[in-house]
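Starting from the given sequences, assemble the full structure and let the hints guide the process.
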Amino acid sequence: MVITSDWIDRYHDGELGEPEKSYFLKQLDKNQLLRAEVNIDARLNRLLSDGDILELMDKVEEVARKRKEGTRLRNPLLIAATLVCLFIMGTLFYFIEQKPVSMHTFKHPQITRSLHKVGKDQVVVEKSKDRTTPVQAVKPAVPHEQMQMPLLAENYRPMAEFELLVGSVTRSTGLKLIAPAALTVVAAGTPVRFKWISLASQPAVILMLMNNHGRLVCEIQTLHNDEYTLQTRGMPPGLYYWKIMYEDELVTMGKLTLK
Amino acid sequence: MLIHYSDDIIVDGLRQKKSSCIAYMYEEFGPIVRHMVNRNSGTLQDMEDLFQDAIIVLYKRSLVQPFNLECSLKTYFISICKNIWLQRLERKFRLLYQEDFEVQESLGIYLMDDEQLKEENLEQRRLFYKNLQLLPTDCQRLIRLYCLKIPFKEIARLMNYKDEIYVKTRKYSCKNLLRKKIMKDPECYQFLEYESHGNHK
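Chains A and B, in that order, give the protein sequences.
In this text, residue positions in the first sequence follow our numbering: the first is 1246, and each later residue adds one.
In this text, residue positions in the second sequence follow our numbering: the first is 112, and each later residue adds one.
No lab work stands behind these hints, which were simulated from the structure alone.
Incorrect hints may have been included.
Said to hold, decoys possible - Simulated crosslink set (DSS-like; lysine-lysine; CA at most 25 Å straight-line): (1) B:Lys279 <-> B:Lys260; (2) B:Lys295 <-> A:Lys1275; (3) A:Lys1266 <-> B:Lys260; (4) B:Lys241 <-> A:Lys1311; (5) A:Lys1313 <-> B:Lys260; (6) B:Lys128 <-> B:Lys185.
Shown next, in the form of C-alpha cells:
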C-alpha cells in the first residue's frame, strides 16, 4: 500500500476506509515528515475554515499593497521634481555668474576688488582687505579702444559736451597755457608739447587726456615743471580732448586730432 | 486631506472589514508602530506584519460583545502591537539561543485552548496566507470555495470544471501544492519543528 498526497486530505475529511486508516496511522507514528505534513494540513484547514479572517487579511493586504504602490509612485516623482529644481537653480546660477564684468573700479566695505580685463577671456581679480588703502585703478595693458576695435570714423566723432568747453579759459589765474593750441592736429605718433607759465615756483599741474567718448585715456601729474611732452606713439588715430587742471580747477580745455 | 474618524466609526468599519477604515488606521497608527519596530531594530516588513496581526486581534476582540474601550483606540491598538512585538522578540530570541527549552515550552502553549490570538499563531496564519497567495489563481479560488463549504457540484459549475470528481482531484493537488510550499518556506521551519513531536491529532 502506498500513501499518496490525497490521503492526508481524506484522512482529515474522514474519507479513509478502515484498512487505509489503520495503515495511515501506523505510518504517521513512524514517519516524522508525514506527521509534520498532517499537522500543517490540520492548521491549514483551521485557517481556511475561518473565512472572515481570510477576507480581512485580503483587505489588509490590498490596503498595504496600495500604500506601497503609492509610495513607489511618489518616490520617482519626488526625484524628478528635485532634479528639475536643481536644473533650474543651476541655470539661474550660471546666468548670474555670466553677467559682464565692468571695467570700473569698485569698493566694498569689507573687501575691495579691482577687476580689469587683460585679454579677451582673461580676468584678473585683485583683493585687498585693507580698508584705509585706496586701490589704484590698474591701467589696461592694451588700450580699451584697441580692444573694442571701433570703426575709424567713430574715433573722430566730436563729443558735444566737450566741444562747448574747447578753447575756453576758466577763472583760474595762477596758470597760463602757452602751447598747444586749443585745436591741434598732428600725425599719429608725433609728440605734442604742453607748456605753461605759472606764478608759483612749483606748480602742481594735471594733464588729463580723454577720447572722443569722454573716457579717460591717461592722467599725468607734472610737479616742478612748466612743460610736458605727450607721446602719442601707440595711440590709435582719432579725436582726443585734453584738460589742464591747476589746484583742482580747470584751466583750459582743448582737442587733439591724431591722423 | 485625511478625514478624521472617531474610534467607534473605526471599530464599526473594521467589523465590516472596510478598506477605508484599515487605510485610515495605517495612516493614523502606522507611524507609531513603525517607530516602535525601528527602535527594536525591526524592518519595514516587520512593521507591516505586526500591523496585520494587530488588526486581526483588534477585529477578533471587537466581535466579542460588549466591546468597551477604557482608553482611546489608538492607545489600545498600540498596546496590542506592543504585546505582539514583545512576544515575537522574545520567541525569536529563544529560537536563536535556547532551542531545546523553547520547543518544550512552545508545545505547552500550543495545547492551550485560547490559542487563536497567540503571537505565534498569528505569525503562522500570516505565513500560511502568504503561501496561499503564491498558488495559481484557480487553485486559490478553488481552495477558498471549498473552505466556504460550497458543494463540489457547485464549485464545478462556478469554475467550469467538468464534474465533482475533477474538483475533488484538483482540490487534493492544490492543497498538496500549498503544503509543499509551506514546508519549503524557510520562515515556516520553526512551525514544522513544533509539529514533529507527535501532536498530530
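- Measure nothing beyond the straight line between the CA atoms of Lys1313 of chain A and Lys260 of chain B; if it is 25 Å or shorter, mark the hint as holding. violated, 34 Å
- Message: Need the status of pair Lys1266 of chain A, Lys260 of chain B: alpha-carbon distance at most 25 Å?
- Response: With a Cα-Cα distance of about 24 Å, the restraint between Lys1266 of chain A and Lys260 of chain B holds, given a limit of 25 Å.
- Task: Take the C-alpha atoms of Lys295 of chain B and Lys1275 of chain A, compute the straight-line distance between them, and say whether it is at most 25 Å.
- Result: OK: Lys295 of chain B and Lys1275 of chain A at ~21 Å, within 25 Å.
- Item | Agreement of Lys279 of chain B and Lys260 of chain B with the hint, judged by alpha carbon distance not exceeding 25 Å | Satisfied, since the Cα-Cα distance of roughly 13 Å is no more than 25 Å.
- Item | 25 Å limit on alpha-carbon distance, applied to hinted pair Lys241 of chain B and Lys1311 of chain A | The given pair, whose Cα atoms are some 17 Å apart, holds under the 25 Å limit.
- Query: Given the hint that Lys128 of chain B pairs with Lys185 of chain B, does the C-alpha gap stay at or below 25 Å?
  - Reply: holds, 18 Å
Hint compliance for this structure: hint 5 alone is broken.
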